[in-house]
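Each chain, written out:
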Amino acid sequence: MRVLRAFESAGLEYVLIGAAAMAFHGLVRATADLDLFIRATPENIERLRTALRQAFQGDPEINAISSEDLLGEYPAVRYVPPTGTLYLDVLTRLGEVANFETVEAETKDIDGTSVRVATPAALYRLKKGTIRLQDQADAAALRDRFNFKDEK
Amino acid sequence: MRQRCAIGSTSKTRNEMPVQKFRSIEEMNKAPEPNSQEPPFERFVRLCSQYWAIAPKPYPPGIYKFRSIEEAQKARLKNSS
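Residue numbers (our numbering), protein chains in the order written: chain A, 1 to 152; chain B, 1 to 81.
I should point out that these hints are in silico values taken from the structure, not numbers from a laboratory.
All residues carry an ideal CB built from backbone N, CA and C; glycine is no exception.
Careful, some of the hints might be misleading.
The following residues of chain B were derived to be distant from chain A, with all beta-carbon distances above 12 Å [stated by the list, open to error]:
(1) P18
(2) V19
(3) K21
(4) F22
(5) R23
(6) S24
(7) N29
Taking lysine to aspartate or glutamate pairs in the EDC-like style, the calculated list, with each CA pair at most 16 Å apart, reads [to be verified]:
(8) K65(B) - E106(A)
(9) K128(A) - E42(B)
(10) K108(A) - E8(A)
(11) K65(B) - D144(A)
(12) K74(B) - D33(A)
(13) K108(A) - D33(A)
(14) K74(B) - D135(A)
(15) K108(A) - E42(B)
(16) K57(B) - D33(A)
(17) K30(B) - E8(A)
(18) K65(B) - D69(A)
Beta-carbon label-pair distances, calculated as ranges [what the hints assert, rightly or not]:
(19) Q134(A) - P32(B): 14 to 22 Å
(20) M28(B) - E68(A): 25 to 33 Å
(21) Q136(A) - Q50(B): 19 to 27 Å
(22) E101(A) - P18(B): 45 to 53 Å
(23) S9(A) - G62(B): 40 to 48 Å
(24) R67(B) - R29(A): 21 to 29 Å
(25) G129(A) - N29(B): 31 to 39 Å
(26) N29(B) - S66(A): 22 to 30 Å
(27) K74(B) - A64(A): 33 to 41 Å
(28) M28(B) - G129(A): 21 to 29 Å
(29) E43(A) - P18(B): 50 to 58 Å
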């Protein structure tokens, strides 16, 4: 929650796409990470750094998150905070087509904090074609819960 | 073969049922948690807290960069095995 509040406070443009997003839609499972797309602009990446510093007591490791990487050769950055518990997988793009702009999202409220969350249909599209077993299980759960019909 | 989830046969709601019966493990896995009065995100946070308390910590703190999600997932598998 502290991270989500910091995202809102910093004005970060993001959308949750992993197990946390699934939880907002009623499909609850444990996870080690928080997956999110962020809008791929230098200003937004600065907001990300601001939010993470706020949430994790100014951890100096956060300085290593750079626009150069996220907008260039490294569109996926994993941040493991000093607490060593939940880590964040921050993405600016996934393959050729999926990014912040292409993922349909909705705003949820949790304890007065607005949270941008991928819709069930968007999550299903992201997960159904992947080879990771957990993603396949998530896609099956989404299909069953929301009656998506396009494929088994 | 998939079976439709058909929980119990009493007139009580699922939250009042002390015992639920299932015809298969698939049916059991599809059933909502009995304690589903709790909002899903709060349940998620609680579950993750329990998970983080007992799960191995796959990474030392810091920043890790990947050229693709596949590369990130490979690193995750390598570190969790």
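State the violated hints by number, sorted upward, taking the hints as numbered earlier in the document. 7, 8, 9, 11, 13, 17, 20, 23, 25, 26 and 27
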